[in-house]
Structure formats: structure tokens, C-alpha cells
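Enquirer: In the order they appear, the protein sequences are chains B and A.
Under the numbering used here, read the first sequence as residues 1 to 653, first letter to last.
Under the numbering used here, read the second sequence as residues 1 to 653, first letter to last.
Please note that a few of the clues may not be correct.
[As the list claims (entries may be wrong)] For lysine-lysine, the following DSS-like pairs were computed, each having C-alpha atoms within a straight-line distance of at most 30 Å:
1) A:188 <-> B:203
2) B:188 <-> A:385
3) B:309 <-> A:188
4) B:604 <-> B:402
5) B:203 <-> A:233
[Claimed, not checked] Computed from the model, here is a short list of chain B residues facing chain A with C-beta under 8 Å:
6) 94
7) 101
8) 136
9) 139
10) 158
11) 203
12) 214
13) 217
14) 218
15) 227
16) 232
17) 241
18) 244
19) 432
20) 558
21) 577
[What the hints assert, rightly or not] What follows is a set of in silico ranges between Cβ atoms, one per label pair, in the way DEER data are often shown:
22) A:634 <-> B:629: 38 to 44 Å
23) A:67 <-> B:382: 42 to 48 Å
24) B:43 <-> A:45: 34 to 40 Å
25) A:633 <-> B:538: 49 to 55 Å
26) B:604 <-> A:43: 31 to 37 Å
27) A:626 <-> B:43: 40 to 46 Å
28) B:456 <-> A:626: 40 to 46 Å
No wet-lab data here; the hints were simulated from the structure.
A quick note: this is a predicted structure, and the numbers were derived from the prediction, not measured.
All residues carry an ideal CB built from backbone N, CA and C; glycine is no exception.
Single-letter residue listing:
There are 2 protein chains.
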Amino acid sequence: MECTGGYPQDGVPPLEGVAGGGTGYGWNDDGLHGSNLFGGSVDPTKVPSRDLLHVWCMPSTANVGPQETPRSLENISLLAARNERESIQIAVRPKVSWGRPGIAGIIQVHCTDLCSASGERLVIGQAVTLRHVVPLLGVPDALVPLDLPVSQITLLPGETTAIWVSVDVPAEQSPGQYGGEFIITAMKEKAEISTQLLAKDEKHQIFRELRNCIDVVESIEHKPTENVGERLKSISTALKRVILYPTFSEISSDNDGPMDMIEDDALTTLSVHLRLSVTVWDFVLPRTPSLPAVFGICETVIEDRFGVKHGSVEWYEALDQHFKWLLQYRISPFFCRWGDSMRVFAYTCPWPADHPKAEEYYSDTRLAAYAVPYAPVISGSDAAKDALRKEVDILKTKAHWKKAYFYLWDEPLNLNNYNSVRNMSSEIRTYAPDARVLTSYYCGPSDAPLAPTPFEAFVKVPSFLRPHTQIYCTSEWVLGNREDLAKDIIAELQPDIGEEWWTYVCMGPYDPQPNWHLGMRGTQHRAVMWRVWKEGGTGFLYWGANCYEKAMIPSAEIRFRRGLPPGDGVLFYPGEVYSSLKEPVASVRLERILSSLQDIEYLKLYASIYGRDEGLVLLEKTGVYLGPERYTLEHMPIDVMRGEIFHTCRSRT
Amino acid sequence: MECTGGYPQDGVPPLEGVAGGGTGYGWNDDGLHGSNLFGGSVDPTKVPSRDLLHVWCMPSTANVGPQETPRSLENISLLAARNERESIQIAVRPKVSWGRPGIAGIIQVHCTDLCSASGERLVIGQAVTLRHVVPLLGVPDALVPLDLPVSQITLLPGETTAIWVSVDVPAEQSPGQYGGEFIITAMKEKAEISTQLLAKDEKHQIFRELRNCIDVVESIEHKPTENVGERLKSISTALKRVILYPTFSEISSDNDGPMDMIEDDALTTLSVHLRLSVTVWDFVLPRTPSLPAVFGICETVIEDRFGVKHGSVEWYEALDQHFKWLLQYRISPFFCRWGDSMRVFAYTCPWPADHPKAEEYYSDTRLAAYAVPYAPVISGSDAAKDALRKEVDILKTKAHWKKAYFYLWDEPLNLNNYNSVRNMSSEIRTYAPDARVLTSYYCGPSDAPLAPTPFEAFVKVPSFLRPHTQIYCTSEWVLGNREDLAKDIIAELQPDIGEEWWTYVCMGPYDPQPNWHLGMRGTQHRAVMWRVWKEGGTGFLYWGANCYEKAMIPSAEIRFRRGLPPGDGVLFYPGEVYSSLKEPVASVRLERILSSLQDIEYLKLYASIYGRDEGLVLLEKTGVYLGPERYTLEHMPIDVMRGEIFHTCRSRT
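This is chain B alone, in the form it adopts within the complex:
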């Protein structure tokens, strides 16, 4: 056959051109030319994992979604006080696919304990935890716990996956340097998983062979004289054949029993190693948060989703679990249920004051404030009044009574609403003159203006409600970007008779101001508490942490409520949606709330030594927070501020 027709040599189209792919080809050559990878399929047990994976770190304020682009890998250094949680993210993205169809591959993440030179430890699984960052509405938010110390994660082609690493330093931990490492390894999928369906035929074959052997054995038992040697031979041959099936191959080859983790030196030399070092300093964050942050947990949502009947044993268990879980976040929970006209029934402890659990709840030093149930909510019946009186009579004798407050109405709007608050407060204060009533509001009564303009009327609310409210809790939304207006609010209060200014966020304020909606920047989430500290509030209220849309099954899809910005009223998720876990799954927003409540302790420490004004200077000069629309968009200033507090306050705490 003559085959040299149109081409000058060898019948092959000529090579031509500088690159050959048109625009921009090869601008970002990643250098993956290793002969181990070239051309064929990829065996992760033979090539360094760094050739298969991008691994890099991101701060806790970054929203690391599937499109996050790789950065260079640098070791991690964290600063943490004692009784503080500090978090960071590890991002991983496949460079190639090596796994079964539909995925890029599976990686194993192994984290060691963090050890100090003197042998002290931050133990993986206790002080160090890993969670998988999972998107909600496309935004990375839910933190699903990973197995420890070793877990496996599935990577998808072209998608970045993030792992949330938290270090919880115990209050009694010795200050010093702690170091450990993450070992990230691209895995060859376990034979069991990838070949199991294929191995099904083999299983049937083994089964048939064994049944056949049983028949032969039984035949020998029945006719013990005929050809016994031959029949024994056939059994022995069959059994030897069976144990050579691929199913047993790894057993016969390594013979060292079940082993799921890679501990093989040869393999860990292929892994990506990432050093994590933590500087633990002498400061111990106070066990009782300096700023009471009271957050609602909707008990109706729990009753519906988990199918627990109000007042049943399971109901108490479910509430107890939610209380204890949220308490970890320097938050003082209250359970809540809304009534007509935003009347709210709020209580921190589901048990009555004379129950041992009540004492356990109210005296917990991590609880900064607690809501006392206002029992006569259904009517002003004598029984209800008696019950309230009895509850108050017990509590007002306790040392923890100073943490108590009554939350009776959410955002009164008119004279009728405001008068309800006054009447309920009067009753309460008959039983305990020093009781504190909290009222959340953003305006005065619309049908009896307290002043010519809405803002002036809003500022006049304390003079109208006094002495029926002690905690004046106003929406940050009212201030807009005028933080100076906070002074007008504070000026109206009488701290000498125990009046306080607290704030809250909910639907408002909107972007770019600080709030906790899904899709906002990480620093915007964290800025909510910077704002509180700068404006001078002494407490904070959030309406709901679990207010998803109604569902009647624990694992039902999480949906946000119509009319609310995504994430508003939702700071954690039911674990059942993501796993067989029975406990809630935190959002990254809840973690950032914890971080910002910890920031307040840092700022308070600094202010206790250098004065509050110097604290404000520090907040400004580091660029962390200058105002409701002027705060850092990047993480670095936060570390600078914390570092400055560490350097100037250590050995003085």
C-alpha cells in the first residue's frame, strides 16, 4: 500500500507552530509531567499525593466554596488563649482524577496530637477536631464532623473541598508551643468497595465450592470405605483453590489482620504533610462570658422535626441536648415560642425552679443570663399567677438570680403591646422588685408618638417603659451606619438603677453591615460583636438559632422560612440531615459568632489594662473595625489585633 500521499515524510501530518492550541495554551503549565503519571491511569500508591492534589490553608473567615482556586501550601501557626477555640480551614482540590467513576478520588486525612516540647498534648478528637464544610444554597456553611484521627473524604472533579480544623484549648492547658501535623494522602479505593459488585459472582462460586465440599464430606461419612483418599484429595484441592480466590488475596499476602489506616512508611512518604503549630498563651478566657449573648431555640421546631410530644421524657431530653450543645458557644440559650402579636414565651430551663435540673442549669458558670418563664401566658388565672410567684420566690433567693431576666414581648409596636409589657412587668415586680425585664424593640408605640420623629420616639422608649423594663434591647438596624446615635440611646438610660443597653440583629441590618446571613463575608459575620463592643452595648439577643421551616422528620431537608434572608434565625442544623449523628451540626456562622465573642474577651482584657479608649484605638489602627460599613474584609488584621493583645498583655493576665 502506498501511503505517502499528501505529506512530505512518513505520511504523517507535519508538526508546525510554536504551541499549536491557539490562544494562551500552556500559560499555566503545572509541571505534572512525571513518568509515573504520563499517559496511563493514576495509581496513588505510586506517586506523591502532591502531584494529585492541591492542598492549602484558608482562615476561618473565608467562605471556601467549590470554585475556590488553589494557593500555595504554607504551614499553619495559630495563637490561642486557654479556654479558647481557634479554627482554620484546609482546602483540597484534585489535580487529576484517580478514583472510581463520578468522583476524582478519595483522600485520607490523618491528624496527630499536638505536642509541646515538654510532652504535653492537645489531643486529637478532644482538643483538635475536624469537620467537613458542606454548602447550603451553594454557600459553604454546615460543619459535618469527620472521623478522628483518620477520616476519608471524597473529592469531585474540579471542586475544592474544605476541612474545618478547630483547636479547643482546655482552661488548664500549660502555655507554650504545641506542634502536630496533618497527613493528607490520595487513596487507592479499597478493593472491597470498588470491586465488591464484581466479586459477587466470586462469592457465589465460593459458596458453591463449600457446599460441594460439605456434600463430599457427608458422602465419606456415609460410605467410609470407597475412594476416601480421592475424595479427601478433592476437598483439599477445592479448599486450597478457594483460599486463593482474590477475595482472600490480601489476607494471604499480608496476613496481619484487619487494617484500615495507612501506616505504611512507604505510603506516608507519598503524603502531603502540613505542620500545625499553636501558641497557647497564659490568658484564660473567663468561663462566664463577659457579654451575655442570649439566643433563642424554638421548641416547636424541635417538637415537630423530632416528633417529641410536649412535656414527654423525649421532649425534655431533646431540649436538654440543645441547651448543652449551644452553651459550648459562649451563648446563653433560651427556649421560645411565639404567640399572638409577637408575645413571646421564653425560658432557659424546661424544668421548674424546684427541680434539681433547674439548679444545674441556672448555676452553670458558662451561662451568663437566663430567661425565667412568665407562666401566666395563657390567661391571668390564679393558678398561673401562683405558679409564677412560686417560681420567682425560689429563684430570687439564689446567687444566680442576678443572671435572671424576663423576656415577655418581641418588638412591641403600639400602645396596646407596650401596655401588655407594663402589666406583666408590674406583676413580676410585685413578687421580686429587683426582677429584670428585657424588651426588644425598634420603635415607640405607633399610635401614641413619644416624639416628633421616629428616631426620637425610639430613643424615648426607656422614659416611657421605666420602671417596667431594665434591659432595653434595640435593633442595630435602627442605627443604620450612624454609630454615633448609640450615644443618644445610652444617654437616656439610668445605669444606677440597673438599666442596660443590649442590641440585636435579625432581618436587618442588611449588607454591607454586619449580620449573620448566609452569603455574607466571614468578617461581616464576625463584625457583629466588634460592633457591639465598639458601640458599648452590654448584652446581645438573637431571636432564633434553629428556626428552619417546618418539617416532621429529623432528616428532612433544611429549608429557610419564606420572607427571611437565608440563614436568618438558623445557626445550626439537625445532625440527622448529614449523618447518623444525633447532635446538631454547627454552621460556620456559629463558629464565627464564637470567635467574635472570644474577640470581646481579648478586647476586654486589653481595655482592663490600657483602658477602653486604647482598645478602641487598637480596633481602628489594625483596621479590624471602624464602623458598621468600615471593617476589614480580609482576615489578616484580626490576627494582627490578637497578636498585639497577646504581646502587650501576656504575663499581665
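Since the structure of chain B is provided, determine the placement of chain A on it from the hints.
Expert: Just chain A, lined up with the frame of chain B:
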């Protein structure tokens, strides 16, 4: 213990309020209250899958991403001509989670053959295929083949997954109604997968038991007199114990061999059933596309990514595979490599004209046009000239020579570029005066203006290039939204001497005009060819279908080239990135290109009966396409137009 403290009855906080969750609770109650689901964990073998899943249909022009919200389920009706592919999407979203940690659950999708009343079939796996829609840069784009007729898909919490269903009607299929169904079932995870790691211990136990039996058998062989009965008994007991291990439980219980599919009636009654009916009409789409659509395949990309050496056996195989694969899309492929100054080396067949493969390629009736390699690309050496002459001498005698064209330069910009085209064309036309040269351009020579304004100069290019170009291939970008300017271009051409107007898209035109970039609407992708048909072009060129960024491993992550809009130059992906598949994976954009090339056949049929003007009226009155910035955003008008053509043209084809 006295426990009735603060509460009026039973010591339980009172129930209060109309709803109890604040804003909007329960607005979208999905009615999942079934006692099978209430409270506990979910067993998909006991509850109807519709309680666990949303299933609904979406048209092929919808970009169905993870956030797509559920719609109601309706059965599918499609219209398809013979030799046509029609596609639709099935979207699935979990209502609850029932699977292992990290996922919502696994579903099984089973599709039956589509049958007519007279027993004719569109066979699953051949005429009916299913692919999984996978996102790229967060946009649903890659279509990864699913197993047929039954496949399993993993669903993630809170994410919608789409399945792309295509029906390819063979040219010889009998017209009529065909019906079949999709059976979608929430699966309990296979014991093999979920319990395999646990079963590892068991495997070791079985292995030990068998080895022990072998020892006993051998001991009998050695000492055939001592306690044989006892020893045989022990073997028989051990083997009977082994076959009762859970590993073999399903074999011993059902005993009917390997079975992966759910065929159990009890289970399919739980499934979601979705009817698919297809009306096949008598029209047969012409095997040779009416509009030549020539698309580049970059051979450098293939060489680099698949590690095939230019000219090697593997290289020819790889090019052959790409050619055949793309030919399925009513596209006429050409291989290409760029040189200096956008000189381009383009050829449809990698073998020389005297090779049997060349005849196979060029005479394929699905190929509407082919690029003949212009060999003297490196220099004007005599050898190269001879080779070119030999190639042309062979081809010009063939019937398929009318499909031949020479593509020499991509977008000449100055006199030097244009003169190169003229010189090469002169040489070619010495050997074959009827050779057709294609030149792609968007401007005249910048250093020798042909007219006072850039657009006028652009329009004058034919008078400047004549007779060195026959196919004047201009960028749609030049027209902007002024489709009337097409008349000015056409007016300059001389169809009597074989001059044609073709167009192309690449970086431009931009949104909202039709193009194939990732992230554009589905109808925007499909509108590219509607535009061609309306403006009157007789052919189309696209620069590259596989022009991803350089990589040296088949399964390397797909990256788009810097400086290009995402998706520009990339219409399919290497199968290795998504699976062990060795063939390319189509994008949804490529499927929409096919659909729009099929639309052209429908319009051409209609115009052949009612005239081109009536065809334009139909395009307008259905709202499908009115201009470069006025085309339908919804799918419905497309079906209306196709239906109208079906009703008015059937039995007239």
C-alpha cells in the same frame, strides 16, 4: 421530689401561641407526616420514594444546578423526527436524608425500552441513554454516562441532581407513538458497600476456618485411621458454619444467583414512576447536514493530555476516536494546530489521500465538509509542494471533492497576513482551479484600509481577496445587534462563482447575544444556529471543541485557558476526568448545538414547502428568534415551533 414549681400543671412549660416559631413557620408544610417516617430513621424499603424524593422534569435548555427548586411531576411527551436526537432532563432532590453519613441517600434509576402498540422498540442503551449532569465552575455542563438500564446515583442533602435523557431515533424507525417509563427508587444501601469494612473481620475468620479444614483434611490423608469420623465431622461442621456467615446470607436465602436490580414488586410499588412518550414522525433528518458546521479539534491538546507521540499508532487512534465521536453531532470535524500570526494548519483526515482511511473519512455521508491539509506550512520546499500537489490530484477526481476546503489562516489582520493567504491560495488553485479556500476574518488589513470606516473595510474584504477565497467566514461579533448588516456582506459576494458566506463565534459576541459560553442560558446556546439560519449564512466554523488548558495526564483537572470566557473553545471533556471511560464526555452546550443544527433541518423542511419567508415568519411568530438580542428565554416556544412544523409538514416529507 416536689416538681410543680413555676408551672400551673404537671411541671411542664405551657403550650402557647398560634404557631410558635415566629415569622412564617409552616407556610410550606410538605405534608410528610406519615407514621412510617415520623420521628425515627428512614427505611426506604418501607416508604414510598415520593415521600423521600422530589422528582420532576426540565427541558434540555434549562441549566439545572444544585439549587434548582422542585416543580410538580408531569409525564414527558417528546416529538422527534427520524435520525434525530431529542433530550430532556429529570431532576431529583432529596426531601429527607436516609443514607450513610455525608450523603442524603442513593437512588436507583431504571429506564425501560420505549415500545409502540405494534411492538416496535426504542431500545434502552441504544436509542435511549442517560447521563448525569455534572457542574463545571458551578455550572451544570458535563454529561457523564450512566449505567443502563439501571444505574445508581448519590444524592446530597439540599442539592438537586439532574439526569440528561436522550432519545436517538434511528433513520429506519417506524413513525408512531412509543412509550416507556422511568422507575426511580430510593435505595437502602447495599450491604456489600455499607458493611464491607465491618465484614473484613468476617473474611479473616472464614479464611482461618478454611485453612483449618485443609489442615484437618491433610491430617486425615496422613493418618487415615485415627478418628476419621470425628475429624470429618469437624470439617463438615466448620464448613456448614462458614456458609451460614452473613457474607453468604443472601445467597442461601434467595439462592437465585447474582441480582443487582430491584425487580421485587413490593419495592417497585414504592418507586416514583414517570412515563415517557415519544411521537416519532415520518420526517427523516438528512444524513448529510444541510448546513456544514466545521469544528476544530486541537491535536496538540490530545498529544499532551493523552501522551501520544505525533504520528504514532496511538496518535492515529486518538485522532480517529475524536473524529468519529464528534461526527455524531452533525458536525464536520477538522484537526488543527496554530502557528505564528494565527497561521493555522487544518486537516480533517490525519491519513494522506491515498490511504484507505482517507476515503472512509471523506466519503462519510455524515461529513458535510472537510479540510484538506495545506502541506507546505513549514516552508515552500519542493517536497512540500509535491506532497500538496499529489494530495490535491487524488482528491479532485473524487465525488466528495465538492465538500473539500482549505483553511489557511485564522483572522488575517494586515497586508502581510492577507498576502500570505493570497499566495497559498494561488498555489493551491494552480493544482485545482475549483479548490475552495475558507478565510475567517473580522476586519480588513489594518495597514491598508479598504474603506473609510472599519465596517466598510470589513465588507470590502471579498473584493480584496477574490479569487483567493471562496468561503468568506466572518465573526458574528462584527454585526453587533444589527442583523440587517448581514445584507451588506451578502451583497458583496458572487454566488455564481461559488462564493459563500459563513460565520463563526468565539470570544464574541458577548451576552446577551447567542454564543456557547458556560453560564449563558440554554436558549442562548441554541440561538447561535437560529441566528445563522435567519441571517442566511450557508456554513459555520468553530475554532475549537477541546481547547482546554495544557495538561499531561488524561485525568488531569479541566481548566479553561486564561483570557478566554469559560467554555469558549471547549465543547467536550476527556472522559478520564469523570470515570474510567476512554471516550469524550459531551457538554450540555454540545447537545444544544446538535439540537439547533436539527432545528435548521426542521426550518429547511418548512421553507422547502412554504418558502423561506414563511419560515422566518414562523421563527418570529412563535417567539423563538427575532434578533441577536431578542430570542426566547423559555423552552416552550421551541416546542411550539417544532410542533407547528410537524403538523404542517407531516405526510409531505
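Enquirer: Could you run down the list of hints and mark each one as holding or not?
Expert: A quick look at each hint next to the structure:
no.	hint	result
1	A:188 <-> B:203	holds (21 Å)
2	B:188 <-> A:385	violated (53 Å)
3	B:309 <-> A:188	holds (29 Å)
4	B:604 <-> B:402	holds (21 Å)
5	B:203 <-> A:233	holds (24 Å)
6	94	holds (6 Å)
7	101	holds (3 Å)
8	136	holds (6 Å)
9	139	violated (10 Å)
10	158	holds (6 Å)
11	203	holds (7 Å)
12	214	holds (5 Å)
13	217	holds (4 Å)
14	218	holds (6 Å)
15	227	violated (12 Å)
16	232	holds (5 Å)
17	241	violated (10 Å)
18	244	violated (11 Å)
19	432	violated (13 Å)
20	558	holds (6 Å)
21	577	holds (5 Å)
22	A:634 <-> B:629: 38 to 44 Å	holds (39 Å)
23	A:67 <-> B:382: 42 to 48 Å	violated (54 Å)
24	B:43 <-> A:45: 34 to 40 Å	holds (38 Å)
25	A:633 <-> B:538: 49 to 55 Å	holds (53 Å)
26	B:604 <-> A:43: 31 to 37 Å	violated (52 Å)
27	A:626 <-> B:43: 40 to 46 Å	violated (56 Å)
28	B:456 <-> A:626: 40 to 46 Å	violated (56 Å)
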